[in-house]
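Visitor: Residue numbers (my numbering), protein chains in the order written: chain A, 29 to 366; chain B, 29 to 366; chain C, 29 to 366; chain D, 29 to 366.
Note that these hints are calculated values from the structure, not bench results. Predicted model only: the values in this text are computed from it and were never measured. Backbone N, C-alpha and C define an ideal beta-carbon position, used for all residues, glycine too. Check before you lean on any hint, since a few could be wrong.
Stated by the list, open to error - For lysine-lysine, the following BS3-like pairs were computed, each having C-alpha atoms within a straight-line distance of at most 27 Å:
(1) K324/A to K320/B
(2) K32/D to K149/D
(3) K97/C to K213/A
(4) K248/D to K141/C
(5) K324/A to K252/B
Claimed, not checked - Okay, the calculated bits of chain D under chain C, using three or more residues with CB under 8 Å as the criterion:
(6) 48 to 59
(7) 72 to 83
(8) 129 to 137
(9) 227 to 240
(10) 255 to 261
Residues per chain, in single letters:
Protein chains: 4
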Amino acid sequence: MKSKIPVAVVGASGYTGLELIKILLSHPYFDLKIVAASEEGDSIDTIHPSLKGILNLKVKKADAKEIAKKSELVFLALPHKTAMGFAKELLNEGARMVDLSADYRLELEVYEKFYCPHEDKENLPKAVYGLPEFYRKEIAKADLVANPGCYPTASLLALLPFLDVLDSSYPIFIDAKSGVSGAGKKCSEKTHFVSINENIFSYNPLSHRHAPEIEEKIFKISGKNFHINFVPHLLPVTRGMLVSVYGVLRDEIDVEARLREFYKDEKFVRVRDFPVDIKSTAGTNFCDIFAKRDKKALFVSSSIDNLLRGASSQAVVNANIMCSFAEDTGIPFLAYVP
Amino acid sequence: MKSKIPVAVVGASGYTGLELIKILLSHPYFDLKIVAASEEGDSIDTIHPSLKGILNLKVKKADAKEIAKKSELVFLALPHKTAMGFAKELLNEGARMVDLSADYRLELEVYEKFYCPHEDKENLPKAVYGLPEFYRKEIAKADLVANPGCYPTASLLALLPFLDVLDSSYPIFIDAKSGVSGAGKKCSEKTHFVSINENIFSYNPLSHRHAPEIEEKIFKISGKNFHINFVPHLLPVTRGMLVSVYGVLRDEIDVEARLREFYKDEKFVRVRDFPVDIKSTAGTNFCDIFAKRDKKALFVSSSIDNLLRGASSQAVVNANIMCSFAEDTGIPFLAYVP
Amino acid sequence: MKSKIPVAVVGASGYTGLELIKILLSHPYFDLKIVAASEEGDSIDTIHPSLKGILNLKVKKADAKEIAKKSELVFLALPHKTAMGFAKELLNEGARMVDLSADYRLELEVYEKFYCPHEDKENLPKAVYGLPEFYRKEIAKADLVANPGCYPTASLLALLPFLDVLDSSYPIFIDAKSGVSGAGKKCSEKTHFVSINENIFSYNPLSHRHAPEIEEKIFKISGKNFHINFVPHLLPVTRGMLVSVYGVLRDEIDVEARLREFYKDEKFVRVRDFPVDIKSTAGTNFCDIFAKRDKKALFVSSSIDNLLRGASSQAVVNANIMCSFAEDTGIPFLAYVP
Amino acid sequence: MKSKIPVAVVGASGYTGLELIKILLSHPYFDLKIVAASEEGDSIDTIHPSLKGILNLKVKKADAKEIAKKSELVFLALPHKTAMGFAKELLNEGARMVDLSADYRLELEVYEKFYCPHEDKENLPKAVYGLPEFYRKEIAKADLVANPGCYPTASLLALLPFLDVLDSSYPIFIDAKSGVSGAGKKCSEKTHFVSINENIFSYNPLSHRHAPEIEEKIFKISGKNFHINFVPHLLPVTRGMLVSVYGVLRDEIDVEARLREFYKDEKFVRVRDFPVDIKSTAGTNFCDIFAKRDKKALFVSSSIDNLLRGASSQAVVNANIMCSFAEDTGIPFLAYVP
């Protein structure tokens, strides 16, 4: 029997922090030793009342030395910028880490253009992009895994099987729809119930920060330059994400067959023969994908849980790989249906 | 003072029938004399309990002779196929009519390919397509107006300003999102609350019957052939429709300016400088539109109330035009916000 | 033809302010001259984008002198405490007024116990409680009408027909369910979409400030003391309110007959023979009521639109009465169905 | 290590059937051998597409002999009436069983008054009511456990701690609010998205079939007769149930202390010091309870997941007890939050 590995969650008060805790509580080989945040807080079941009777660890102020001493692997669920400051310290102390923020996902130049000056240029090149289907070998050896954003995860899993057969002279359009939990726990006019309920709207169309993440990864994986046009929408649902990808094929190929062949060995990608919905993946690490074409016009639709496959469960899959556990160890696979 | 024109609503038990009744009850120049359906029914406030205390006309079995005798203008809110059988009789009796079904919207060949054999080939060529912004002159003289579908209304209003400047060698993609009321009052697995709530999915992607309606009208209005790829989705909201149009421009033009110029005299189209939402148009006849581009990639977003601008209020605008009333007479303009 | 009366809305940026504006825009005898708020603001269609193309008055900083000069009747949609400061000035300037806040609804002692020290003790005794069914004569002569809260409106309309036949030695329980718009436009953890969606919970059970308002009015109207136990809940809907009243009858009477008799002349109360729902009243000034008993146990269920019958449309009904117009002049009666 | 017990789920195509399957798939000691229904069907992942990649057993036509041969314990998730016909056969074949229908919950006379003639009078007296907190000893020895309804589960857990201190000369009122999944998978006008969304209404007020179940169990457990007045509502949410209980105490006692004392050894009842919500229990077997009083008026609020604690997870707890496993073995405890 494998001995348990002590782990920590930093950024425990947010939605992705909660999801990490929920997964780790049921994980057979990880032992959740520390829950921490930027500031000291109440016990975790006061912050997340659904944990009452399950876990009552006190939320500690994040201290890199202590965390590195008491845990072997750290899940960082902090906002970007805060994350890199803390990650740097942790790496110095010898901890391994999955970072859920944007801080280590992009090349320096692209990061600084869309976010802010980078404060950990030393470790940035060492980070591995945590999309398991494409980087599992590199993840296995990494000390620092940059967990992909939810939009890039769903978009890349839909797009990558078709890069070889798409006409790159034509722009790609991605019409993405996200549940409100993706906007985080902080209240704002946009997340007010009355603003969202019975409504839908796009935000930052053609200028969202996830577009360059998608473009960069497409180039890295395929060596091709595509013009990605990304339009995200907020849906009146709590969790789930549906991404529609539109592009032009070079030839009139069998797109479903290509999809099946491409993902035939992947446990967490399900190729569907009917249009995907978000309820069938909400609560799980699955990405469901459907593809269809009319002449050379291609439509690919993918669905994930934005907080799980788009954040916390993918992070634990990455941690499993880093620790040589089976990828699906402790990973949720039963959807919140009905 | 104008004298009131007697009108009838046939197909009074459905959602669009109800919306017609609500508008006509407040209309200064139309006098709702008859509410009818395929079968005789209860009083209208039993079928639609919200009308209690307001209107208690008995729902009659639709009889063309009687309706033509008692009313000068008829709103036909019947399912396709049923509609044309009844419309034919009504026209023989000399009634004028706005038909909300698909039966007179398309050229014969296209209709029969996507629907069923046409049973009123004589009147089909006389029908005028009831998109007021483009056909108001023809509508004014018509006896039979074919009211557009909700998807074509929102799609055409978004697309038409850009046909001259779009590159027709590239396909156009339309990602449309509709409230559930668009699927009608009939219960089905798809309209069960549990299927829709906290969910979103596309249906009939690239093969919905509204795509040829859009293609045909684009050709008629612009003389150009575009390859339209239409993907409709069901949203977990009752009413409202958001349509995203994606295409490739020939040149890097100022798309907002073009939109403003194009609709500068149109009262029921509002050009927005921020992404449109459905709450701001739900309850009204407005179509809100927003456009943006990145290089030559164009994104246009339009929002309508699927039951009003996409059906009943547009039908009354058409009736206003047919009767030489001001187009906005009695038309709802105050949204259901908050 | 009646000449139009100039009116003002103070507190125009909130939800009830918007609803007042929407009603007044269609009102045949009121002329909306001024929209104001505590602080100067943008044009009203910037604050409420759904008003684009309809009204673009600039939101002025509320100035009692100017408002009293330019309008004959003022609708005050300010938070409690702010309201009385401003009302006092306005009354000094000779304006008549409907105040939608809590400031003039209660006796001094009760007000100060549940809210704060009262700053306009002089005018407080002159205020008339604006529940038209019970105070229309007094409202007609009033200069200051205190518009009831949404919970008291729905609760009193359900309860009052039964006060004579209820056993006052037994407590009355009121289980009330409100749409989120009742909590106002301000963002908070409680109004975050994720907190409300797919959820329901009570708040301030047995200690909500509307309970004493209900108790006081019951006593004033009936002369009887009842122990009111009030438990409000937040519903995952934007607008609407359902109130369930539970009490014990002294005798096994025909409760539906009593209800019908009691409200037989009231246009805005609809007695139903099936359990009421909120969709049939949302968008209107109606209060729908249903009553049933088992032995002596009584259940009364009432439904209103919290922003209309519970605030803005009731305010305009009061204004109609104050100006000797028909009570239903310009009042919305068509529900937001489907 | 315990060897696995082969089990069957009969009625696999409904919501509670799906929830049973989901729990059993993760259960360490039960081995799901058969999924069956009244009629033969497709593979289970065709009926429930979220199970794709997880379970693809074919749904068999329920055959008592075969099921009894291949499984030791059967979960019966059939409609009432169908259930007893099948249960009878199964018991004859020597199978043990948890029946989720109403067929064995009530005394014969009460059952026949509210449902239909009973067709298995022989086994009815042997059935044990499966509310673990009150009947665990009897459940351990039972061959036939009648799983409580969702409304009675939430109502009894709220009420039972207070029966000794409530004044039985006053009626008890129960205002219950249920998610739509409680109405089952069948489409109807009532479960149409448009009927439920942005709405709330009561149904069968004071005459729902769950009221006699509550009254009978109260009498059995406490020996006291209470007049239960039960008013259920449908909420615009998929899952979850909130029950408000109103009654009159004989004395002004500390109700929270009583609640804590009463449930101090119960793992699946959480006493809360703030009003309970449904999100904190949805997805789990927990029942959260909050109590407060004003003078002698008592308010108790309880929350459960209607499909889990109100059906499937409670059924598996009962099965655990029948098989001498720890009660919480394989039982879901992590809520679907956020």
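Visitor: Hint by hint, note whether the structure agrees.
Guide: How the hints compare with the structure:
1. K324/A to K320/B: holds (25 Å)
2. K32/D to K149/D: Distance of about 33 Å is beyond 27 Å: violated.
3. K97/C to K213/A: violated (47 Å)
4. K248/D to K141/C: violated (46 Å)
5. K324/A to K252/B: holds (19 Å)
6. 48 to 59: violated (count 0)
7. 72 to 83: violated (count 0)
8. 129 to 137: Since three or more residues must qualify, the claim that chain C covers the region 129 to 137 of chain D is violated, with 0 doing so at under 8 Å.
9. 227 to 240: holds (count 8)
10. 255 to 261: holds (count 4)
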